[in-house]
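*Asks:* Sequence:
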Amino acid sequence: MQKDKLASYRGFDTYTKTDHHTYVKENFKKLGDLIEEKINANLLPVKASVLDVGCATGALISYLSGRFSDFNFEGIDISEELINIAIEQQLPNAKFCVGGLSDLPLGREKSFDIVLCIGVIGIFDEDEAKDALYRMIDCVKPGGIVYVFHQFNEMDIDVMVKHKRVDPDCKWDGWGAGWNIYSYRTIGEWIGDRAREFKFIDFNMPFPLERQENPIRTWTVEMADGSLRLTNGLKLLVDLRFLEIVV
Numbered sequence: 073m074q075k076d077k078l079a080s081y082r083g084f085d086t087y088t089k090t091d092h093h094t095y096v097k098e099n100f101k102k103l104g105d106l107i108e109e110k111i112n113a114n115l116l117p118v119k120a121s122v123l124d125v126g127c128a129t130g131a132l133i134s135y136l137s138g139r140f141s142d143f144n145f146e147g148i149d150i151s152e153e154l155i156n157i158a159i160e161q162q163l164p165n166a167k168f169c170v171g172g173l174s175d176l177p178l179g180r181e182k183s184f185d186i187v188l189c190i191g192v193i194g195i196f197d198e199d200e201a202k203d204a205l206y207r208m209i210d211c212v213k214p215g216g217i218v219y220v221f222h223q224f225n226e227m228d229i230d231v232m233v234k235h236k237r238v239d240p241d242c243k244w245d246g247w248g249a250g251w252n253i254y255s256y257r258t259i260g261e262w263i264g265d266r267a268r269e270f271k272f273i274d275f276n277m278p279f280p281l282e283r284q285e286n287p288i289r290t291w292t293v294e295m296a297d298g299s300l301r302l303t304n305g306l307k308l309l310v311d312l313r314f315l316e317i318v319v
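Under the working numbering, the first residue of the sequence shown carries the number 73, and numbering increases by one thereafter.
If you're looking for bench data, these hints aren't it; they were derived computationally from the structure. Check each hint, because a few of them may be wrong.
[Unchecked claim] Straight-line alpha carbon distances no greater than 30 Å define the calculated DSS-like cross-link-like pairs of lysine-lysine that follow:
1. LYS119 x LYS167
2. LYS97 x LYS243
3. LYS271 x LYS234
4. LYS102 x LYS271
5. LYS213 x LYS167
6. LYS119 x LYS271
7. LYS271 x LYS307
8. LYS101 x LYS271
9. LYS97 x LYS236
10. LYS167 x LYS110
11. LYS97 x LYS110
12. LYS234 x LYS202
13. LYS307 x LYS119
14. LYS236 x LYS307
15. LYS97 x LYS119
16. LYS182 x LYS102
17. LYS101 x LYS119
18. LYS182 x LYS110
Please read these numbers as outputs of a predicted model, since none were measured by experiment.
Between the sequences and the hints, there should be enough to build the whole structure, so can you do that?
*Replies:* Here is the structure:
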């Protein structure tokens with residue numbers, strides 16, 4: 073995340089108020105399954121190097137390091153507060169530093185087997201998001217993989233979203249970002265010949281989520297066919313997917 077996005081991103085308290093080191097998010101588990109499949113197919117090494125961009129408190133790295141003990145991890149985030157929490161976890165096979173996507177690759181060219189970007193790319197406008205994708209691809213070794221987790225639109229429409237909380241107990245003095253949606257077509261045009269292949273992998277919540285105090289956080293609603301869909305106080309239907317890019 074670029075440093076000038078600090079003012080428009082309002083979700084840092086999500087990570088300081090929720091212990092995702094103890095409560096493991098379902099998308100972490102799904103990502104672990106995807107990585108394990110690649111290892112079993114000899115498409116990733118058993119001693120992979122991993123960069124987590126926008127790592128927050130290091131909860132994802134903490135989970136993956138427990139599952140893949142031979143991996144080496146690096147996590148970066150623009151929030152010094154979150155990075156300090158990550159460092160306090162004292163993970164033996166991980167290092168954390170303050171930094172954002174605009175700092176990449178910065179000596180990390182073709183250095184990692186896996187680059188992760190979970191729930192971050194929707195903060196950026198079109199030019200910034202494309203640049204972020206290119207920077208992550210530049211960090212991956214040939215044959216390595218970039219995983220981006222966010223909303224992606226199977227229809228040929230890109231969506232820019234701004235929102236502002238106006239409730240008296242949590243009133244913002246400006247507009248927030250974080251829910252921009254890019255289409256499959258746009259992502260494909262951006263990637264072009266920079267990767268060997270890419271695909272989108274659907275993510276579905278396996279159980280209901282209750283509405284929380286923060287209306288920007290997602291919860292589930294049951295559809296007529298019994299399936300669960302994510303929504304939030306922005307009145308969005310949130311279809312989360314992994315973008316898997318093989319470089």
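*Asks:* For each hint, tell me whether it holds in the structure or not.
*Replies:* Hints versus structure:
| no. | hint | result |
| --- | --- | --- |
| 1 | LYS119 x LYS167 | 16 Å, holds |
| 2 | LYS97 x LYS243 | 28 Å, holds |
| 3 | LYS271 x LYS234 | 27 Å, holds |
| 4 | LYS102 x LYS271 | 15 Å, holds |
| 5 | LYS213 x LYS167 | 19 Å, holds |
| 6 | LYS119 x LYS271 | 24 Å, holds |
| 7 | LYS271 x LYS307 | 27 Å, holds |
| 8 | LYS101 x LYS271 | 19 Å, holds |
| 9 | LYS97 x LYS236 | 26 Å, holds |
| 10 | LYS167 x LYS110 | 24 Å, holds |
| 11 | LYS97 x LYS110 | 21 Å, holds |
| 12 | LYS234 x LYS202 | 19 Å, holds |
| 13 | LYS307 x LYS119 | 42 Å, violated |
| 14 | LYS236 x LYS307 | 13 Å, holds |
| 15 | LYS97 x LYS119 | 24 Å, holds |
| 16 | LYS182 x LYS102 | 25 Å, holds |
| 17 | LYS101 x LYS119 | 19 Å, holds |
| 18 | LYS182 x LYS110 | 19 Å, holds |
Hint compliance for this structure: hint 13 is the single one not met.
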